[in-house]
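Line by line, the protein sequences are chains A and B.
Just so you know, we're using this note's numbering here: the first sequence kicks off at 1 and counts up by one.
Just so you know, we're using this note's numbering here: the second sequence kicks off at 1001 and counts up by one.
Treat the hints with caution; some may be incorrect.
Claimed, not checked - Examples of chain A residues toward chain B, derived with CB under 10 Å:
no., residue
1, N41
2, L77
3, A79
4, Q88
5, M91
To be verified - Derived CB-CB ranges, DEER-like:
no., chain 1, residue 1, chain 2, residue 2, range
6, A, A100, B, D1025, 21 to 31 Å
7, A, E123, B, S1004, 40 to 50 Å
8, A, I64, B, V1015, 40 to 50 Å
9, B, L1005, A, A130, 46 to 56 Å
If you're looking for bench data, these hints aren't it; they were derived computationally from the structure.
Only a predicted model underlies this, so the values are computations on that prediction, with no experimental measurement involved.
Heads up, the beta-carbon is just placed ideally off N, CA and C, and yes, glycines get one too.
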Amino acid sequence: MGLIEGAAGQLNTVGYIVLMMIGIYAMTGKSNLVKKLVGMNIFQWSIILFVVSLSAKRDASIPIVLDGHGGGAAPVLDAAQYANPLPQVLMLTAIVVGVAITGVALALLLRIHRQFGTLEENELLERLDASSGS
Amino acid sequence: MIGSLDVVLLVLSVVCAVAAVQVRDLLASVVLLAAFSLFMCLLWTELGAVDVAFTEAAVGAGVTTVLFVITVYKTDRVSRD
Chain A
1 MGLIEGAAGQ
11 LNTVGYIVLM
21 MIGIYAMTGK
31 SNLVKKLVGM
41 NIFQWSIILF
51 VVSLSAKRDA
61 SIPIVLDGHG
71 GGAAPVLDAA
81 QYANPLPQVL
91 MLTAIVVGVA
101 ITGVALALLL
111 RIHRQFGTLE
121 ENELLERLDA
131 SSGS
Chain B
1001 MIGSLDVVLL
1011 VLSVVCAVAA
1021 VQVRDLLASV
1031 VLLAAFSLFM
1041 CLLWTELGAV
1051 DVAFTEAAVG
1061 AGVTTVLFVI
1071 TVYKTDRVSR
1081 D
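Construct the entire structure; sequences and hints are all you get.
Listed below in structure tokens is the structure:
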């Protein structure tokens, strides 16, 4: 099982590259700060999609042992039957950290709006220049 | 069958992402981001990552949307671009 040759390898590769381009465009091309944050979220989920796609296998089940309660002896597991749980658990952490980052960024946006009265980047830069020049 | 479901979910999530970036009303942008997050959640259920899927549905589509809506409510709703 190669690196990208998972269950839906080529398709998900195309999907996450497209989503990553959309996120980069929103972060660099848009001037509203909330739009930039929306782009950051899309970028983050595209990377999570990439890593979760690495864990998928063809004809594999979810990573829960099927006959875990049967018999006394430990069941013999075939790893090819289950999706790889390690990238999934790592991305679980990444999702929670991403929500924390989004919360801190939104708190900063509220503070910026309270001080300068706008969230557009070009107006913000003008007001910063005006306040530092005078 | 699973392959065609994958195509449908990827196309829908890309459409939602483009609409969330392009629309001028920021509240509509946030709601479209929640829909995007929901499609990603369905995509991860299809990929066999159920724990990531329900964390995404609760935290990504729920808490993130609430935080964004509060921010848009307290600041400007209309974006220039």
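Status of each hint after checking the structure:
With its C-beta approaching chain B no nearer than about 6 Å, A/N41 sits inside the 10 Å limit, and its interface hint holds. Interface hint at A/L77: violated, since its Cβ lies 16 Å from the closest Cβ of chain B, which is beyond the 10 Å cut-off. The beta carbon of A/A79 is not positioned within 10 Å of any beta carbon in chain B (closest approach about 14 Å), and the interface hint is therefore violated. The interface hint given for A/Q88 holds, since its Cβ lies 4 Å from the closest Cβ of chain B, which is under the 10 Å cut-off.
Interface restraint check: A/M91 against chain B, minimum CB-CB distance 6 Å, threshold 10 Å, status holds. In this structure the supplied range 21 to 31 Å holds for A/A100 paired with B/D1025, their Cβ-Cβ distance being about 27 Å. One distance hint, 40 to 50 Å for the beta-carbon pair A/E123 and B/S1004, holds here, with the actual separation near 47 Å. Separated by about 33 Å at the C-beta atoms, A/I64 and B/V1015 break the suggested range of 40 to 50 Å.
Checked against the given bound of 46 to 56 Å, the beta carbons of B/L1005 and A/A130, roughly 54 Å apart, stay inside it.
Checked against the numbered hints above, the structure violates hints 2, 3, 8; every other hint is satisfied.
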